[in-house]
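S.K.: If you want the building blocks of each chain, they are given just below.
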Amino acid sequence: MHINIIKPNKENLTSFVSIGSFFILIGFADFIFNTFLNLNFTGFLPDTLSYLIPIIFGLIGLYLIRVEFSGNRLLDRINNNFNSSNFNALLSLLVIFSLIKFIPPLLNWFIFDADFAGNTKQDCTGSGACWVFVKVWLNRFVYGMYPDIEQWRINTAFFLLFFLVGASFFVPSKLKKYLLLFLLFIYPIIGFKLISGGDFGLKYIETGAWGGLSLTFIVSAFALILCFPIGMFLALGRRSNLPAIRYSSIGFIELWRGVPLITVLFMSAVMFPMFLPDGTYVDKLIRVLIAITLFEAAYMAEVIRGGLQALPKGQYEAAKSLGMGYWRMHFLIVLPQALKLVIPGIANTFLALVKDTPLIFVVGLLELAGMVNLAKTNPEWLGMAMEGYVFAGLVFWVICYAMSRYSQNLEKKLSTER
Amino acid sequence: MSNKKKDLIPQVLTVLFIILVIIYFTINAQNNMGNRGISFGFGFLSQESSFDIAFSLIDYDGSYSYARAFLVGLLNTILVSVIGIFFATILGVTVGISRLSQNYLIAKAAEWYVEIFRNIPLILQIFFWYFAALRALPLTIDSINFYDISFLNVKGWYIPRFIWTNFSTFVYSIITAAILIILVSRYSRKQRDEFGKQIPVFYISLAILFILPFLSFLIGGVTLSFKIPELTQLSKTIYVYQGGVTIIPELISLALALSMYTATFIAENVRAGILGVNKGQKEAAASIGLTRGQILKLVVMPQALRIIIPPTTNQYLNLTKNSSLAAAIAYPDIVLVFAGTALMQTGRAIEIISITMLTYLSLSLSISVFMNWYNKKMAIKEK
Numbered sequence: 001m002h003i004n005i006i007k008p009n010k011e012n013l014t015s016f017v018s019i020g021s022f023f024i025l026i027g028f029a030d031f032i033f034n035t036f037l038n039l040n041f042t043g044f045l046p047d048t049l050s051y052l053i054p055i056i057f058g059l060i061g062l063y064l065i066r067v068e069f070s071g072n073r074l075l076d077r078i079n080n081n082f083n084s085s086n087f088n089a090l091l092s093l094l095v096i097f098s099l100i101k102f103i104p105p106l107l108n109w110f111i112f113d114a115d116f117a118g119n120t121k122q123d124c125t126g127s128g129a130c131w132v133f134v135k136v137w138l139n140r141f142v143y144g145m146y147p148d149i150e151q152w153r154i155n156t157a158f159f160l161l162f163f164l165v166g167a168s169f170f171v172p173s174k175l176k177k178y179l180l181l182f183l184l185f186i187y188p189i190i191g192f193k194l195i196s197g198g199d200f201g202l203k204y205i206e207t208g209a210w211g212g213l214s215l216t217f218i219v220s221a222f223a224l225i226l227c228f229p230i231g232m233f234l235a236l237g238r239r240s241n242l243p244a245i246r247y248s249s250i251g252f253i254e255l256w257r258g259v260p261l262i263t264v265l266f267m268s269a270v271m272f273p274m275f276l277p278d279g280t281y282v283d284k285l286i287r288v289l290i291a292i293t294l295f296e297a298a299y300m301a302e303v304i305r306g307g308l309q310a311l312p313k314g315q316y317e318a319a320k321s322l323g324m325g326y327w328r329m330h331f332l333i334v335l336p337q338a339l340k341l342v343i344p345g346i347a348n349t350f351l352a353l354v355k356d357t358p359l360i361f362v363v364g365l366l367e368l369a370g371m372v373n374l375a376k377t378n379p380e381w382l383g384m385a386m387e388g389y390v391f392a393g394l395v396f397w398v399i400c401y402a403m404s405r406y407s408q409n410l411e412k413k414l415s416t417e418r
Numbered sequence: 001m002s003n004k005k006k007d008l009i010p011q012v013l014t015v016l017f018i019i020l021v022i023i024y025f026t027i028n029a030q031n032n033m034g035n036r037g038i039s040f041g042f043g044f045l046s047q048e049s050s051f052d053i054a055f056s057l058i059d060y061d062g063s064y065s066y067a068r069a070f071l072v073g074l075l076n077t078i079l080v081s082v083i084g085i086f087f088a089t090i091l092g093v094t095v096g097i098s099r100l101s102q103n104y105l106i107a108k109a110a111e112w113y114v115e116i117f118r119n120i121p122l123i124l125q126i127f128f129w130y131f132a133a134l135r136a137l138p139l140t141i142d143s144i145n146f147y148d149i150s151f152l153n154v155k156g157w158y159i160p161r162f163i164w165t166n167f168s169t170f171v172y173s174i175i176t177a178a179i180l181i182i183l184v185s186r187y188s189r190k191q192r193d194e195f196g197k198q199i200p201v202f203y204i205s206l207a208i209l210f211i212l213p214f215l216s217f218l219i220g221g222v223t224l225s226f227k228i229p230e231l232t233q234l235s236k237t238i239y240v241y242q243g244g245v246t247i248i249p250e251l252i253s254l255a256l257a258l259s260m261y262t263a264t265f266i267a268e269n270v271r272a273g274i275l276g277v278n279k280g281q282k283e284a285a286a287s288i289g290l291t292r293g294q295i296l297k298l299v300v301m302p303q304a305l306r307i308i309i310p311p312t313t314n315q316y317l318n319l320t321k322n323s324s325l326a327a328a329i330a331y332p333d334i335v336l337v338f339a340g341t342a343l344m345q346t347g348r349a350i351e352i353i354s355i356t357m358l359t360y361l362s363l364s365l366s367i368s369v370f371m372n373w374y375n376k377k378m379a380i381k382e383k
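Protein sequence lines correspond, in order, to chains F and U.
The opening residue of the first sequence carries number 1 in my numbering; numbering runs sequentially from there.
The opening residue of the second sequence carries number 1 in my numbering; numbering runs sequentially from there.
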């Protein structure tokens with residue numbers, strides 16, 4: 001009779017699994033007692049060994065329950081996903097143990113020990129985060145130095161934008177074109193006028209007072225709307241047969257792509273005014289918008305060029321054989337297909353644009369990250385850097401993550417391949 | 001109108017437009033500079049800079065020229081870029097491979113690492129490390145002690161200084177080792193191609209790499225000693241570590257943020273590269289009897305690298321350009337030193353911004369020239 005006691009099989013599975021689970025349980029129990037209750041049962045061992053005890057027990061246990069095709073679905077799933085080899089078992093244990101170790105303190109800092117109530121720094125008595133700081137400064141984080149009573153203007157401008165974008169999904173396709181043109185060319189002027197004021201009885205508010213999250217949105221939205229057509233023409237220019245146009249497009253694109261945004265912003269701040277007639281003053285925000293737009297347009301051009309190159313030659317030839325000219329061919333046949341191909345690239349460029357907006361601090365404009373920097377140096381709120389950056393990071397993360405998810409969906413939706 | 005003429009008009013218009021813009025800008029710039037009493041020129045580069053830089057790889061103080069200050073900034077930019085690239089590569093490759101792991105936990109952890117650090121602006125991450133995380137370190141007097149040779153506190157990280165004698169001999173020995181290794185690998189390839197002999201190149205190379213520098217210590221008169229940073233008391237309350245090398249917190253936080261941010265992009269490249277290798281390739285390799293290690297080394301990796309390297313080089317370039325964010329936390333890189341302090345002192349906006357942009361531009365262009373060469377070399381030669 002052949003008895004195999006080293007390797008588990010279907011007959012002795014139960015005993016192996018129960019012994020293995022017992023070992024794993026001991027490992028976890030030791031770790032949890034150590035972390036949360038400060039009880040060290042293995043303290044009589046040398047220090048290093050006593051740290052490793054949970055891992056050693058866990059590894060032995062996981063080795064014992066590693067059975068191929070046990071017939072038990074749960075066990076098979078565990079073995080396949082967490083325990084396919086000794087190395088994988090070790091990695092799983094390390095990940096689980098570090099989660100147990102680090103998640104509770106993080107949660108404590110974030111929620112359980114954090115302070116939410118009150119209006120001053122003195123109200124923060126707990127050992128966790130002081131969210132009072134964010135609460136008190138929230139208005140500044142969103143609107144910057146924009147006067148409180150005029151903030152409805154920013155809200156209205158954004159509400160209008162959301163309304164128009166939302167409406168574009170529902171209006172009949174004939175009207176859609178006009179709505180899009182309105183959104184691209186008329187809306188930016190209306191929005192800008194509404195927020196800056198000066199006419200129609202609206203109080204003029206200089207751009208230096210704009211700031212916070214709304215400025216992040218304003219800068220990204222304007223640059224986003226403007227960089228797209230410029231990038232499209234640059235991409236077409238780079239693929240043009242006419243050498244003068246091709247080389248000037250290449251030169252323009254490579255110039256902007258070769259330098260960091262921060263130097264471009266420096267340029268717009270200190271070098272650009274030198275190039276204008278003496279006495280002309282262009283608003284700081286406008287200069288920044290031009291700089292960011294040209295910078296992102298160069299990146300956009302390269303993305304769109306990728307799409308143009310990926311399009312089969314037959315599409316160009318078919319359009320030409322129908323007697324279409326250059327512009328009709330590109331706007332009716334080539335670009336719609338090419339743009340669809342590069343949606344991920346376009347989305348990445350937009351994401352990069354949003355993530356680049358904090359850089360406008362170099363010319364003294366303070367959007368969300370800049371406002372946090374300002375708030376944390378306020379004498380009444382010293383030592384709040386962590387809360388401020390975590391909050392700003394969270395806001396940016398939500399925006400960027402949502403955008404990347406949306407682009408993935410859009411890609412799926414627009415895909416015409418079956 | 002003939003076709004040629006039709007082509008000519010837009011080109012002439014474009015060139016004319018560009019020339020007009022340049023002329024317009026030049027005239028305005030001349031007027032403006034004339035009004036302020038400065039003239040265009042690069043003579044200021046040899047003037048005394050008279051400002052100090054907090055961190056420098058070469059000798060520098062206020063008595064050196066602006067050109068020297070530029071060099072200090074450039075070296076600092078290169079330093080943080082090299083450190084960032086090194087760690088970003090290690091971290092990125094690890095995370096990229098982990099995302100493809102069979103182990104659910106590891107794959108998920110890697111995925112979340114990528115999702116979290118990719119979607120937070122780099123500048124915020126730099127601020128976070130510099131203003132929040134590193135400021136939480138202890139004061140000099142109760143530094144974190146690493147085995148009594150290295151100390152970490154809020155002022156920076158103090159590591160031992162290497163003191164070499166006959167350092168050049170050591171460098172020569174390493175160069176000789178590198179040449180020898182190249183010769184050995186050539187010879188072994190020839191042997192393999194002609195006679196089918198396998199030579200253990202890896203172990204021979206490893207041996208050469210260790211033995212030659214070791215010999216330089218034994219007979220070349222090279223010695224190496226360490227100077228460990230020591231805590232000294234300057235006044236009643238002020239303590240500093242002296243004698244070692246100080247890595248300033250600006251450098252630590254910048255390198256940390258740059259490598260963690262760029263690693264997410266490299267990880268995605270690595271993942272895409274490995275996934276991009278056709279499954280049939282692995283199966284074909286297995287069917288001719290290669291072992292798993294051989295499949296990975298000889299079939300999968302060469303093809304994956306062809307996909308991975310171009311976008312990764314791009315990321316290295318991005319990292320170098322992003323290192324200019326140093327200006328936000330006052331790490332003395334080229335932007336802060338040159339486009340910041342030097343510009344404020346001299347007021348020569350056009351010259352200084354042009355030099356700074358040209359420096360980055362030449363860096364980018366040289367890398368893209370290299371990339372094009374590499375792509376051509378690595379492109380699959382189809383028959």
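Because the hints were derived from the structure by calculation, they are not lab data.
All C-beta atoms in this analysis are idealised placements derived from N, C-alpha and C, irrespective of residue type, glycine included.
It is possible that some hints are incorrect.
Stated by the list, open to error - A short, non-exhaustive set of chain U residues, derived as facing chain F with CB atoms under 7 Å: (1) Q11; (2) I120; (3) M344; (4) T346.
Said to hold, decoys possible - In silico BS3-like pairs for lysine-lysine, Cα to Cα no more than 30 Å straight-line: (5) F:K313 with U:K5; (6) F:K313 with U:K236; (7) U:K377 with U:K279.
S.K.: Against each hint, give a clear statement of whether it holds in the structure.
M.R.: We went through each hint and held it up to the structure:
1. Q11: 4 Å, holds
2. I120: Check passed: Cβ of I120 of chain U comes within 5 Å of chain F, closer than 7 Å.
3. M344: 9 Å, violated
4. T346: Result: violated, 12 Å to nearest chain F Cβ.
5. F:K313 with U:K5: It holds: about 26 Å lies between the C-alpha atoms, which stays within 30 Å.
6. F:K313 with U:K236: This hinted pair is violated, its Cα atoms lying about 79 Å apart.
7. U:K377 with U:K279: 24 Å, holds
In summary, the numbered hints that this structure violates are 3, 4, 6.
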